[in-house]
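Q: Below, each chain spelled out in residue letters.
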Amino acid sequence: MGTFMSKTITIDGQVVPFKEGQTIMDAAMAADVYIPHLCHNPEFTPHGSCKLCTVKVNGRNVASCTMPAVEGQQVLSDTLELNDERLSLTQMLFVEGNHICPSCEKSGNCQLQAVAYYLGMMSPHYNHFYPQREVDASHPDVLLDRNRCIYCELCVRASRDVDGKNVFGLSGRGIGSTLVVNSASGLLGDTNLAATDKAMQVCPTGALLKKRQGFTVPIGQRIFDHHTIKDVQLGDKHE
Amino acid sequence: MQQPESSDLSRILAPVLARHGKDSAQLLQILRDVQDACHHIPAEAIDQIAAHLDVPRVTVEGVVGFYSFLSTQPVGQYRLLFSNNITDQMLGKDDLLKYLCNKLWVEQGRVSEDGLISVDNTSCTGMCDQGPAALINGWPLTNLDQNRLDLIAELIRSQKPVAEWPPMLFEVVDNICRTDVLLGEPFTPGAAIKQVLARGAKETLAEMDQSNLRGRGGAGFKTASKWSFCHAAIAEEEGSVICDIGGNPERFIVCNADEGEPGTFKDRVLLNSHADLVFEGMTVGARVVGASKGFLYLRGEYRYLLEKLEGVLKRRREAGLLGDNILGQAGFSFDIEIHLGAGAYICGEESALIESLEGKRGRPRNRPPFPVTHGYKGRPTVVDNVETFACSARIAEKGGEWFAAMGTAQSTGTKLLSISGDVARPGIYEYPFGVTLRQILDDCGAEDPYAVQVSGPSGVMVSWKEFDRKIAFEDLPTAGAFMVFKRSRDLFQAARNFAHFFAHESCGFCTPCRVGTQLQKKIMDKIGSGHGTICDMEELKRLGFILKSMSHCGLGSSAANPMLDALEKFPDVFERKLKALAFEPAFDLDGALETARRITGRDDEWAHL
Numbered sequence: 001m002g003t004f005m006s007k008t009i010t011i012d013g014q015v016v017p018f019k020e021g022q023t024i025m026d027a028a029m030a031a032d033v034y035i036p037h038l039c040h041n042p043e044f045t046p047h048g049s050c051k052l053c054t055v056k057v058n059g060r061n062v063a064s065c066t067m068p069a070v071e072g073q074q075v076l077s078d079t080l081e082l083n084d085e086r087l088s089l090t091q092m093l094f095v096e097g098n099h100i101c102p103s104c105e106k107s108g109n110c111q112l113q114a115v116a117y118y119l120g121m122m123s124p125h126y127n128h129f130y131p132q133r134e135v136d137a138s139h140p141d142v143l144l145d146r147n148r149c150i151y152c153e154l155c156v157r158a159s160r161d162v163d164g165k166n167v168f169g170l171s172g173r174g175i176g177s178t179l180v181v182n183s184a185s186g187l188l189g190d191t192n193l194a195a196t197d198k199a200m201q202v203c204p205t206g207a208l209l210k211k212r213q214g215f216t217v218p219i220g221q222r223i224f225d226h227h228t229i230k231d232v233q234l235g236d237k238h239e
Numbered sequence: 001m002q003q004p005e006s007s008d009l010s011r012i013l014a015p016v017l018a019r020h021g022k023d024s025a026q027l028l029q030i031l032r033d034v035q036d037a038c039h040h041i042p043a044e045a046i047d048q049i050a051a052h053l054d055v056p057r058v059t060v061e062g063v064v065g066f067y068s069f070l071s072t073q074p075v076g077q078y079r080l081l082f083s084n085n086i087t088d089q090m091l092g093k094d095d096l097l098k099y100l101c102n103k104l105w106v107e108q109g110r111v112s113e114d115g116l117i118s119v120d121n122t123s124c125t126g127m128c129d130q131g132p133a134a135l136i137n138g139w140p141l142t143n144l145d146q147n148r149l150d151l152i153a154e155l156i157r158s159q160k161p162v163a164e165w166p167p168m169l170f171e172v173v174d175n176i177c178r179t180d181v182l183l184g185e186p187f188t189p190g191a192a193i194k195q196v197l198a199r200g201a202k203e204t205l206a207e208m209d210q211s212n213l214r215g216r217g218g219a220g221f222k223t224a225s226k227w228s229f230c231h232a233a234i235a236e237e238e239g240s241v242i243c244d245i246g247g248n249p250e251r252f253i254v255c256n257a258d259e260g261e262p263g264t265f266k267d268r269v270l271l272n273s274h275a276d277l278v279f280e281g282m283t284v285g286a287r288v289v290g291a292s293k294g295f296l297y298l299r300g301e302y303r304y305l306l307e308k309l310e311g312v313l314k315r316r317r318e319a320g321l322l323g324d325n326i327l328g329q330a331g332f333s334f335d336i337e338i339h340l341g342a343g344a345y346i347c348g349e350e351s352a353l354i355e356s357l358e359g360k361r362g363r364p365r366n367r368p369p370f371p372v373t374h375g376y377k378g379r380p381t382v383v384d385n386v387e388t389f390a391c392s393a394r395i396a397e398k399g400g401e402w403f404a405a406m407g408t409a410q411s412t413g414t415k416l417l418s419i420s421g422d423v424a425r426p427g428i429y430e431y432p433f434g435v436t437l438r439q440i441l442d443d444c445g446a447e448d449p450y451a452v453q454v455s456g457p458s459g460v461m462v463s464w465k466e467f468d469r470k471i472a473f474e475d476l477p478t479a480g481a482f483m484v485f486k487r488s489r490d491l492f493q494a495a496r497n498f499a500h501f502f503a504h505e506s507c508g509f510c511t512p513c514r515v516g517t518q519l520q521k522k523i524m525d526k527i528g529s530g531h532g533t534i535c536d537m538e539e540l541k542r543l544g545f546i547l548k549s550m551s552h553c554g555l556g557s558s559a560a561n562p563m564l565d566a567l568e569k570f571p572d573v574f575e576r577k578l579k580a581l582a583f584e585p586a587f588d589l590d591g592a593l594e595t596a597r598r599i600t601g602r603d604d605e606w607a608h609l
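Chain order of the listed sequences is A and B.
Numbering-wise (our numbering), the first sequence opens with residue 1 and increments by one.
Numbering-wise (our numbering), the second sequence opens with residue 1 and increments by one.
Keep in mind that the hints were calculated from the coordinates and are not lab data.
Just so it is clear, the structure is predicted and the values come from calculations on it, not from any experiment.
Among the clues, some could well be false.
As the list claims (entries may be wrong) - Derived lysine to aspartate or glutamate pairs resembling EDC-like cross-links, with alpha carbons at most 20 Å apart: (1) B:202 with B:36; (2) B:360 with A:161; (3) B:548 with A:141; (4) B:548 with A:81; (5) B:377 with A:141; (6) A:165 with A:141; (7) B:541 with A:84; (8) A:165 with B:401; (9) B:541 with A:81; (10) A:165 with B:54; (11) B:360 with B:401; (12) B:548 with B:568.
Unchecked claim - Now the in silico label distances, taken between C-beta atoms and shown as ranges: (13) A:103 with B:157: 27 to 33 Å; (14) A:68 with B:92: 17 to 23 Å; (15) A:140 with B:72: 44 to 50 Å.
Note that the Cβ used here is the ideal one computed from N, Cα and C, for glycine as well.
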């Protein structure tokens, strides 16, 4: 715990210190309190789109990844109601795309799958949308499978803010949203994306994959085969 | 529709790009012009525009994809979009659309083989008092019937330019049925500004405060507070109090004329016949907060008002009511630029509107920070409704006390209602706040009223049992829509129409709204097609809870209102449609065999389940 000079909030009753400018998510992660999330990655500007990290602050729901921590906030996160809603959102993400875990080479390393494990998802609950989405294998080293995109825009942010390339962007609207790439042909192979780009390291699902590496680690020996996403994401700091 | 040759394209693009300059905030305006000229945004145009504005190609493509009126694929040379509000449907729109499609041999949503025409639906075009309505290449058509569609089909077949079509087809009338202080009293342009200059900016803010004017867009935030936050934002930022109201540092006044809520059309009338009042209100706001630049964000559907509004702005500049040294006051500079939307309801949300003004996808921002401190281009910005600015002009002219004497204590002044649906006299009605629904229904000649959708799909469905409720922020707050349904109407169809509306208009940013509005739509369609069960009603309630509590902005959090209201107040309209009380799959087994039947040419008993 911080000294009595530092500012604090409480999360599920636990006193959590924070520094000016930190969000509730920042403060929580620093204090080893896990709030489920998919579109958030502490290395990038918070986005606030997946809404999994929604918490209740003084009775009102807010996205913890974008909401600044303010002295005295009483935050509820690990509650039956919120976890139930997070589960529903996760199920929504599964049915709006085509997430076939058994045939996906990201299985076991996929954050969407891991969050579903964490929240105890036993079925998709909703009817599958089975959307028609394009797969782009034009790049020599990268496969873009839009069936697995959850619109977190981490690749968009990484390519823009770190790689300085603006390879990715979103087009369309609503359920017709689609990940587009920065080339007149619309093909990834015609962009200047490199497999070593930051944008290639941030996809929480199997939408962006490096080719020829899918099964270097066998299924059963992958991250979330042995660890919960909570342990991994809180442990990220040490890696 | 052939692809324009690249030299043709350059000839089209060059003047457009020259006119709009190199500020990327002009992107949407540029794309609108290109769409008008080419009937789509050619891939090569995207490259050239991106190069001109020095933005990534992917940014331009993202903006094209976001707005309904823009497209990367060619639409018909004549693009006819039927307004798909429930009021249009009640006036026979669905049959008219089919009629026209049959007549022109075109499939809804497709472009005809020769590229001449495409016919489709669009969200409410704000002509509910004179529907069924449509847009032809962006220009409004009203009072559609078979006769008019016969004429329109003939004009299209003979390839007559839309500009040469009979003006009668495009007639839009105000239909002002009841007036009060806003619409009923004469206004001399400049009268309010003169009062502000005589009284002082700070004192004008005090009058605004005293008037207790609350935002007319529906949320009801106190206008004086918004203005003073915006003014104070700079003071805070610079650690000193700003005394010289007027010049730098930069602040912005934005008028939200993205009147997209289905059933609302009062801003259309204010801008058509009382634009001076609106622009004057913006100028008053500019003086109070210290802004030198204002924007009118005009929804694309109201593009037909653009020239008229530009004319009013020009006249006001000539009269010294806009521009430098307004009414001779040294250092008081303010001017207004009109930006057009391109078919996106979400841009009525103030932070999405600002994104759109900046030429981006209309996606609501994360808040805090709020627009009053970090708005247009990150600067303090006031975004107010058209009617709010009109009221502000009146308050600046006549004082806060005068205004506060009208209406109720918490809801001062008057409210414009856009009345449509099952009434004898649809149109604009101005009432002091506090008026009962019963009174309004009497005045507009409602026939056997059973329900009223107050404030549009995002508002409240009020049942006949509640007609003594009042229009007021403390009872029924409203942005102005007032759609009346008689007893014989199918309220389920109204709710279903609204579910489709929200699914179409969701920006797609957040999971609950992007997916939740689709799920709502699918369930409503399932029930509507006779496959619904009690479980589906429960699922709608559960979705409503998630949408309300988890969504990023007001669109998502209100997208379940029509379903939740109907379930609570009119459960029988659902129950009548239910096939069974137990589980019923959404998958239609017999329907799935249709392809097989077509292939084998069978339709006997054994070919059905």
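Q: So which of the earlier hints does this model not fit?
A: Violated hints: 1, 3, 5, 8, 11, 13, 14, 15; rest satisfied.
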